[in-house]
Amino acid sequence: MHTEAAAQGRLAHHFPDMKTQEHAARMGMWLFLSTEILLFAVLFTAYGLYRFLFPLGFEEASKLAHVTMGATNTVVLITSSLTVALAIHHARKGENRKVVGLLAITIAFGALFMVLKGFEYYHHFQDGQLPGRFYHYAGVTGPGVSMYFTVYFLMTGLHGLHVLIGMGLLTWVAVRAARGHFGPGYSTPVELSGLYWHLIDLIWIFLFPLLYLV
Amino acid sequence: MSPSPASSPVYNTPNYLNAEKGVRSWLTTLDHKRIGVIYLVLTLTGFFLGGVFALLLRLELLTPGPTIMDAMTYNRMFTLHGVIMIFLFMIPAIPGIFGNFFLPLMIGAQDVAFPRINLLSVYLYLLGAAIAVWGMIHGGTDTGWTFYTPYSTTTVTTVAPVLLGAFILGMGSIVTGLNFIVTIHTLRAPGVTWMRLPLFAWAMYATSVIQVLATPVLGMTLLLVAVERVFGFGIFDPARGGDPVLFQHLFWFYSHPAVYIMILPAMGIVSEVVQTFARKNMFGYKAVAFSSLGIAFVGFFVWGHHLFTSGQSTFASGVFGVLSMFVGLFTAIKVFNWTATMYQGAIQVSASFVYFLGFLYFLVFGGLTGIALSTVSLDVHWQDTYFVVAHFHFIMVGGTIMSFLAGLHYWWPKMFGRMYSERWALAASVLVILGFNATFIPQFLLGNMGMPRRYYSYPQQFQSLNVASTAGATLLAFGFGIILTYLIASLVKGRAAGPNPWRSRGYEWNTPSPPGVENFPGTPVYDHGPHEYHEPVAGEVTRAH
Amino acid sequence: MTATTHSEGKHLGPAQYVLIWVALMVLTGVTLAVWKTNLSYSARVVVALSIATVKAALVAIFFMHLWEEKGVARLVLVVSAVMVTLLIGLTIADNATRYPFANPPYSESWMDAPFRKDAPPMQAEPGPVKTSPATRSEHPGGH
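Residue numbers (our numbering), protein chains in the order written: chain B, 1 to 214; chain P, 1 to 545; chain L, 1 to 143.
Just chain B, same shape as in the assembly (with noise of 0.2 Å):
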């Protein structure tokens, strides 16, 4: 198994062997993950520092994010990470058709979120709910009502920014399966993306209760 993998040339001279070689490679994308997650704290700080100072502005304002949206969004998230976990499954046995299958619902389900991520943004642009002095919606108003919005659209674009990259990854690994690069001794590439597509589930994880319900 690990010989074939050499033989294939995917042993790189550095490492001693393939198991070496892929357990530096989930170390190295576990370090990466670990800067998204610090990225996203910066907004996670200050969305908490504002909630904090404006309780009742982010209360009021909150209510007029879209919950059944929102919740549904987790819905399709929470599944497509597990149609993810499951084409990982399958591609460590070498299952490849299963696997572009499986990625192709995990993408479809990630156009599906930024579908419906952009119906919210699409109501808050008519209603006049932008972030900072953009915001002119006349139904609520007041001290960190405008914060809201900004801390909103930030991190939610920033996120959706991530679940588009995602997708991306996801398309490359799903070209390489269709292709059947993957096996028993090789299925790096699927288990890299699929950890980053769980991050991206994870964030949003905490997203949705902090903007949407509290």
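Hints are not guaranteed to be accurate.
Interface residues of chain B toward chain L, partial, derived using beta-carbon atoms under 7 Å [said to hold, decoys possible]:
hint, residue
1, F52
2, L56
3, T74
4, L116
5, T188
6, H198
Simulated from the structure, these hints should not be mistaken for laboratory data. Glycine residues also receive a C-beta, built at the ideal position from the N, C-alpha and C atoms.
We have chain B already, so just place chains P and L on it with the hints.
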């Protein structure tokens, strides 16, 4: 291991420098050694560029009023000096040069874990540096390297390209740190256990952890300022409910650990140098190894000491002040252990050792002023004065740069196979240390007397100390010029160094000088730790000829 | 040399993944249900965030294979979480304990400053947070 005869030819045998020829082979190299040399050229260019701006600043400060530039230009100069020195030299240099070159050699590996990502970091450095420097020169950025809001969000000078450049440079830093962590975890040769890891590797590990965790925060924060400039959402604008001090919290959450990115690798170099030139194993290896981790950890808890006078609550200031003192604890552990290592050692005086001595003195002196500054009631007097400027230059120049020079002189023979002129090196080291003292000790006095930093003009009574400081800076520049000259000369006509001119027992000396393209023939196996000098080794020459 | 941290043969199967998915759906439902109850605001916040943490843990441990991947990966996640908590916690602690007028104008601690009643009136006070019911009820997807 025994050194080869001094007359052996250097570049007749294939090594990493001459094995492949042509610019293209350098631009696409995956060899960590070549990447280290590329970083040497790039970061030294940054260093000299930043130094030019420093000299211009000091020239301006020769007289209380305008000397060679107007006030706006002065602001642009210190912005250029700060951004270039910190992001183009202090953060990337030691990890990029010595980390890249020596980490694999020190752990018995053939390369770093991700060589292509290593090359990527070089291009990220180039791209980020180009955009940032172009932005500052073309647009006249005058915010200082700290980009405080609300000035940075409202100034008419160009800021966004500099922020973008810094963001990209940050990505390069993250990628380097990520690479080193995985390398140390997965590529240690058999026998290189964690407790035999060279202390430079421990220091690089701790540095890399900071790079990975802290840099994204800076990236996002600078991005928020750019978004604010372009869209005006008001995230830091009090008129929209924003808090400008939030920027400072977010900025310093990175920038304080960043100063440990700057000093930890330097401390790692010092550990290697003192063991070699005292010819003695480190006293308290575990203490020094774990104190690196300790500094990295505690360094995350103290950022608020930059906010003492910003409106931060006295409660938070007190907490941060007390926590800041803990860093001194770990540094003191190292200082005592380095000193104890010298005790009853066989001292070999060389330029590296002289720089180490300078490092020790400046680190202790500068560090003590740091502890003093972390006392809130004292900082209220010293904040934004030259006292702070002197403090961080003592650590960054007196600490990191002295150590950088120690490492450069220590490892130069290994990297290039040539010896430089020891006489010139010793003379330059004395000049640099004297010049440094002359430059920055007056600044402590100026700061204590109340001269503010980043001020273009000052009261007449401060002039004599400013003149002294400028004179020192000129000496310092002269010293650096001498170093550059004899190092380049050594590449042309230096004598062959042989594999181990310092008779060091560090792992990396177990290779030819310069090393071959392949670090080791096969996988080395180690049955001892590095720098174990207490047992004799057959055939080893222990005294200089 | 390097510890084997990725054990084969302990991988979860599809059935287990679906089970975790069901658990995550249930927890999401619970979060929404609790939100509609009459518990106090802070109680609902605590519940919502606790459930979010549990969901995140499930995703991290099972979907992201942390329970198989011993060693550095777990440390990386835990340390990141610690740093995030540190950043948010100490920053809020600063604003929470500040001299009130050092906080953004019209924020809660600023408004509650004990000496505000003696201060002369500001030129254009934004006024309290106001919700006009008519505009809110036309809004789809709200509470």
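Tested hints:
{"no.": "1", "hint": "F52", "in the structure": "5 Å, holds"}
{"no.": "2", "hint": "L56", "in the structure": "5 Å, holds"}
{"no.": "3", "hint": "T74", "in the structure": "6 Å, holds"}
{"no.": "4", "hint": "L116", "in the structure": "10 Å, violated"}
{"no.": "5", "hint": "T188", "in the structure": "11 Å, violated"}
{"no.": "6", "hint": "H198", "in the structure": "5 Å, holds"}
Comparing the model with each earlier hint shows violations of hints 4 and 5; every other hint is respected.
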